[in-house]
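For the protein sequence lines, the chains are P and X, in the order given.
For the first sequence, the residue numbers in our numbering are 16 to 268.
For the second sequence, the residue numbers in our numbering are 308 to 454.
Rather than coming from a laboratory, the hints here were simulated on the basis of the structure.
Every residue, glycine too, gets a C-beta built ideally from N, C-alpha and C.
Watch out, some of these pointers could steer you wrong.
Here are the in silico distance ranges between beta carbons for each label pair [what the hints assert, rightly or not]:
(1) P:PHE54 to X:THR316: 16 to 26 Å
(2) X:ALA423 to P:ALA62: 18 to 28 Å
(3) P:GLU28 to X:VAL364: 51 to 61 Å
(4) P:SER91 to X:ILE333: 56 to 66 Å
(5) X:GLY363 to P:ASP130: 23 to 33 Å
(6) X:THR316 to P:VAL93: 51 to 61 Å
A few chain X residues that face chain P, going by a derived Cβ cut-off under 10 Å, partial list only [unchecked claim]:
(7) GLY388
(8) SER394
(9) LEU397
(10) GLY444
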Amino acid sequence: MATNKERREQAREERRRAEAEAAEAERKKRLIQFGAVAFFAALVVVAVLIVVSQSGSDSGGDTAIEGAERVDAGLSGVPQDGTTLGDPKAAVTITEYGDLQCPVCAAFSEQVLPDLISEEVKPGNAQLEFKNFNIIGPESDDAAKASLAAAEQGRYWQFIEVFYANQGAENSGYVTDDFLEAVATAAGVADIDQFNSDREDPALDKELAAVQSEASSLGLNSTPSLVVDGPNGTKTLVSPTLDDLQQAIGEVG
Amino acid sequence: MTERTIQRTGAALALVGVGIATYISIADAGGGAPACIAGGHGCQTVADSSYAHMGGVAVSVIGIGGYVSLLVAMLWPGDAGRFAAASLSLIGFGFSIYLTYLELAVIDAICQWCVASAVVITAIFALSVTRLIRFTGAELAAQGRGG
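Here chain P stands alone, though its shape is the one from the complex (with noise of 0.2 Å):
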């Protein structure tokens, strides 16, 4: 029989043991309630941070066209024959498929391309030429036959530079008749309405088309691949740096 001390050792150790389930059960509650605000609270603001992150995304492509200065002092004095840039006497030919909606060409067209054209093309150790290889979206097909139609008044390379130095967000619908109009003006396109004529021709779908196929039989499948090609061979680049375009020509010149 217990005591009288047991019993109430007994009510006690009953006592602590209920209070200590109703601690754990409010402790449970209190994860699941404000886990869940945290949560859903979390999910908000990642969102607000994705929608502001496409909107600021979206500030490339405005018609407020800049770099065309820069573009138009870095060609300057560098023959340009429809496609094809500095002297067609050349021994070596830089083929560059590139796709104008890509951040990647945008950069090698940035970083790469202005000492490629003072110390390779303007000496004439190399001409270039830009292929649209159009892998991004249908806004780089706009973008191509736009550069192709600038081409017709001669401002081919003027174009698809400053076109790059106003590139916006992918497949984003920046490539606006506004847009083009800006940057084709920029780029010094003399007749307007004759550029937006020409871009419209049903045989640049045809000629964008050819270039896939050239690009599919070199094995490209990304952009800007490069083809360097000399009397001493050929050498295929993906984003090269300089360094790896001036030892392709030396190879290959």
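With chain P's structure known, arrange chain X on it following the hints.
Quick look at chain X alone, frame taken from chain P:
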């Protein structure tokens, strides 16, 4: 693992995150890009993309603010600190997933420093959630047991 160990480890990782974000911010402020190890170009490409800034502010600067907040939350005792750390790290983890998606699917370039930051925030997130689940209401439970 005790809560103190989780807090200290999380705080140390947050300091590493502050360091990474600060380095990227300094490179960006200088008009350049963080240096990629072994001469890769991914860091430059990502830094040059339009996604490197939000509302005119470099994403890396936002990252500094996030990691400093996480450092404070990790060291903050009690349920308030646990929930703050879990919420902030969930935000950081979610946004880091989005940024990684942009690198892989849109920008088509990988910045090693961004990857390092993603690894850090993932580890902090795991620690914060562990702290939240295991130690929420620990003071309440201790009071219950103590009587």
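The hints, checked one at a time:
1. P:PHE54 to X:THR316: 16 to 26 Å: 23 Å, holds
2. X:ALA423 to P:ALA62: 18 to 28 Å: Holds: the Cβ-Cβ distance is about 25 Å, inside 18 to 28 Å.
3. P:GLU28 to X:VAL364: 51 to 61 Å: 59 Å, holds
4. P:SER91 to X:ILE333: 56 to 66 Å: The hinted range 56 to 66 Å is violated for SER91 of chain P and ILE333 of chain X, with Cβ atoms some 35 Å apart.
5. X:GLY363 to P:ASP130: 23 to 33 Å: Cβ of GLY363 of chain X to Cβ of ASP130 of chain P: about 30 Å, so the range 23 to 33 Å holds.
6. X:THR316 to P:VAL93: 51 to 61 Å: 58 Å, holds
7. GLY388: Violated, about 12 Å.
8. SER394: Because about 4 Å separates SER394 of chain X from the closest Cβ in chain P, which is inside the 10 Å limit, the hint holds.
9. LEU397: Nearest chain P Cβ about 4 Å off; hint holds.
10. GLY444: 3 Å, holds
The structure does not agree with the numbered hints 4, 7 stated previously, though it agrees with the rest.
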